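Trainee: Same order as they appear, the protein sequences are chains A and B. Numbering-wise (the working numbering), the first sequence opens with residue 1 and increments by one. Numbering-wise (the working numbering), the second sequence opens with residue 1001 and increments by one.
The set of hints was computed from the structure by calculation and includes no laboratory data. There may be inaccurate statements among the hints.
Claimed, not checked - Okay, the calculated beta carbon distance ranges per label pair: (1) B:Glu1095 with A:Ala115: 35 to 41 Å; (2) A:Tyr62 with B:Glu1292: 40 to 46 Å; (3) A:Glu157 with B:Leu1475: 40 to 46 Å; (4) B:Leu1475 with A:Ala115: 43 to 49 Å; (5) B:Glu1194 with A:Ala115: 53 to 59 Å; (6) B:Pro1229 with A:Gly201: 23 to 29 Å; (7) A:Gln103 with B:Thr1430: 33 to 39 Å.
Note that the structure is predicted; figures quoted are calculated from it, not measured. Glycine included, every Cβ here is placed at the ideal spot set by N, Cα and C.
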Amino acid sequence: MRDGLTLSENIEEYLEILYKLSTQGQRVSTSRISESLKISPASVTQMLKKLAEIGYVEYSPYKGAVLTDNGIKVAKKITRKHRLLERFLCDVLKIKKDKIHQQACEMEHTLSDDAERALCHLLELPSKCPGDNVIPECDLKFTSCEECLMQKEEDLEEVGKRNQNLVSIVDLKEHNKGKVSFIRGDYKVIRRLLDMGITIGAIISVLKVAPLCGPVEVAVRGSKLALGHDIASNVFVEAVDGEGC
Amino acid sequence: MDINTGQRKMEKNKNLKNLTIALAGNANVGKSVIFNELTGSNQIVGNWPGKTIERAEGKLYFNGYNINIIDLPGIYSFSTFSMEEIVSREYIALEKPDIVVNVVDAAVLERNLFFTMQLIEMEVPLIVCVNQIDIAMQKGILIDTDKLQAALGVPVVATVAVRGEGLHELMETAVNYAENKIKSGRNRIEYGHEVENRLKILSSLMASKKLDLKYPYRWISIKLLENDPEIIKLVVNTSEEVVQKSRQLAREIEEIHNEPIFSIIASERYALANMITAGAQVQSEIKTTFSERLDRLATDKVWGYLISASVIGGLLLWTFVVGNFFSSLLTEAFGFFQPVDPQISGPLVAIIWNGAIGGLVAGITLIIPFVIPFYLMLSAIENSGILTRVAFMMDTAMHKIGLHGKALIPLILGYGCNVPAIDSTRILETRRERLLAAFAITFAPCAARTIVILGLVAVFVNVWWALALYVIDLLIIFALGRIALKIVPGESTGLIMEMHTFKLPKLHIIAKQTWSRTKSLIYLVLPIYIFGTAFVQVLYVIGVLEPISNALAPLTVWWLGLPVVAGVLLIFGAVRKEFILLMLVAFYGTNLALFLTPVQFIVLALVAMLYLPCASTIAVLAREFGWKSAGVITAANFTTAIILGGIAFRLLSLVY
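Please model the entire structure based on the sequences and the hints provided.
Mentor: Dropping the structure here:
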């Protein structure tokens, strides 16, 4: 890891790596973090304890750390900025792929929220970074990208931020439910989803996730639909408690 | 129960009144079954003018009426501007059928009513046909048609189309409706106040201007608010003011709801559909049906793949085994047919015998035995609902060549015969996907190519090289699929597919479907076989083939390392690939090893496998995608074959 990071930058780097390493809310061991960041396990443990104090992670020795809701929020934000920047460096500035990661790492900490939104519009609402990882959704209080584009003039303070963390339906476990809160992507995809009953506020439950990043089968309004992985990863829900469909 | 038989006698009666009924509704709700049950064999299946969307039209004589029935494509809404939607919308609004029958799936009422709402908004004379009430009942869903009728304000009829139940009543209702014996109810679905009030403002603005727009004002108002580009285009020419007013009103609604307008309207429509469904539907207990248990198995991480593989493998095996069996039976039956030598028999006999009759025999012995069993099984698979599960499991793999899971089916079919395979690309949504799949299919070694590969390479070189050719072919399909993906403009649409309930397919429905498909294929292919083969014979007899093959010599002899005669073979093969082998035998006798080297066998088989789709395939490509696309695909095949053939010749010469 680079030297000369401020404390908050350092925290952001930890949260980012924790977000990347933990899939579906699994614990991440100290040794994996230490390998990924190339920092000694002792320092990692120390930092994790600090993060736990702030309330970003839950940490227990020997088991590792897991992000709290608050931690996920910050981690998503920084990861989103990182991956948006990678897209920008790659697509607009045409910088070689092996250099973009480092550059994005350095820029992400200073990117303002306004710049983040403008970048997202400029890049035409990307959902994946050049390395094919999903760019987390933004934290603005919109129900679709179309709405964000329509209200370009409106200030971020007026728009407001979401209180709850959203989950994409590909990350929902089988038989879990959610309330559709945000659909990312262009007009046509949203229209198709709306027509099939996936409207904002609709309750959707995941029936099956096909292996190998395959499609997701969901139940909505009494019908069963298969959504391709790319489309499903752009449908975000607020998790709702309760099992079954 | 059969409506047709009783009424057919009236056919000759000249005093029949005419009535046009359009069937509209979501995909796979049983529209086509109703259509087939009503019209029997009395139907014309073609395309909508200028579009490759199937247009099925049929006739029925009922209670003194000559009823013309149109089966519209299955759609979910009138909003995404797909070709199917535009065709349906324009037909309903502009050609004004006397009655629109909206077929809805009783088991998925809410989602189906979303479309019903839009038909009600179009203010068409509507009858709602709640179909598949038996399947709904199995799931514990009971529908009170009286309540539904009251809520929607249009006549509602319950049916089980696969058993013909309720269809008589449906037609009676349609006739009564047409004779104004039934008055439609309020026929209006009200949105929330914020939307409804603004719709009124917009409609009365249009009414005050007396705009002539062919569609009802209220419907136009909804579409304008929804920001529908087609309708905006329509209105902006007559009145800019209306469009501007609608923008302003839409913005007001957006400010209230904090959501884009199209999303608000969709949500409100669904909220209404939900309310109506809740009022008319009783869900007794949630039953886990056998179909659902089967569904769980079919999408299981292990079983799912096994089931998918056996569906695909089974279809292939069935087609090959049954097809081969009948093909060899028919070949034996037509055993009297042997090509004659034009030098002995004279030119006219050669043209008629070798050409026309030979073409007919080849058509009967090669196409029909493979196509009929294949279509039978395909219909069964399609109607059962298992196809959607296969598509679900195979989606990831197919994404690599820009297609989604469903495209696997046509591709596999290509191994039997390219022609029905390209025909079946219609199961895909967009033209781009259909084109990409069709392109990949033209490289799939069909039965005729298999004959050439086996006859040349397996017999005269060895089986391993024959197998190697198959593997090479698979690699080529994959590589070219990826290249085509980059070249063909447009983005891949992701998979959004309804997972239908499993059904036991009905035999008579499968038989009907198979017959109508086979019929349309025979009409296309047989003439090509007959005239194509006769035409090549003419060329042969008048002696232009030799100069042509001499002219092709630089390509065939220098670049591909084949004998001069290869030019003739490839010209013959353009009509029917297996001709390459047959002509070679006709020229050299059965022991070809005396005349060709192993390298030449392999290169000839490779080139024969790839160089051109056969004439029938080109014809079906042109029918589906137009001559330009057919030409580009053909050119791509030819180029690939020649380049690879030349490289193979040079590499293989090092080995042998």
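Trainee: Determine whether the Cβ-Cβ distance between Leu1475 of chain B and Ala115 of chain A falls within the hinted range of 43 to 49 Å.
Mentor: 46 Å, holds
Trainee: Does the Cβ pair Glu1194 of chain B, Ala115 of chain A satisfy 53 to 59 Å?
Mentor: 35 Å, violated
Trainee: Can you tell me whether the CB distance of Glu157 of chain A to Leu1475 of chain B sits inside 40 to 46 Å?
Mentor: Given a distance of about 57 Å, which is not inside 40 to 46 Å, the answer is violated.
Trainee: Check the following: the C-beta atoms of Glu1095 of chain B and Ala115 of chain A are separated by a distance inside 35 to 41 Å.
Mentor: 53 Å, violated
Trainee: Within 33 to 39 Å: is that where the Cβ-Cβ distance between Gln103 of chain A and Thr1430 of chain B falls?
Mentor: 38 Å, holds
Trainee: 23 to 29 Å was suggested as the range; check whether the CB atoms of Pro1229 of chain B and Gly201 of chain A agree with it.
Mentor: Distance hint for Pro1229 of chain B, Gly201 of chain A holds at roughly 26 Å.
Trainee: If you check the beta carbons of Tyr62 of chain A and Glu1292 of chain B, does the distance land in 40 to 46 Å?
Mentor: 43 Å, holds
Checked against the numbered hints given earlier, the structure breaks hints 1, 3, 5 and satisfies all the rest.
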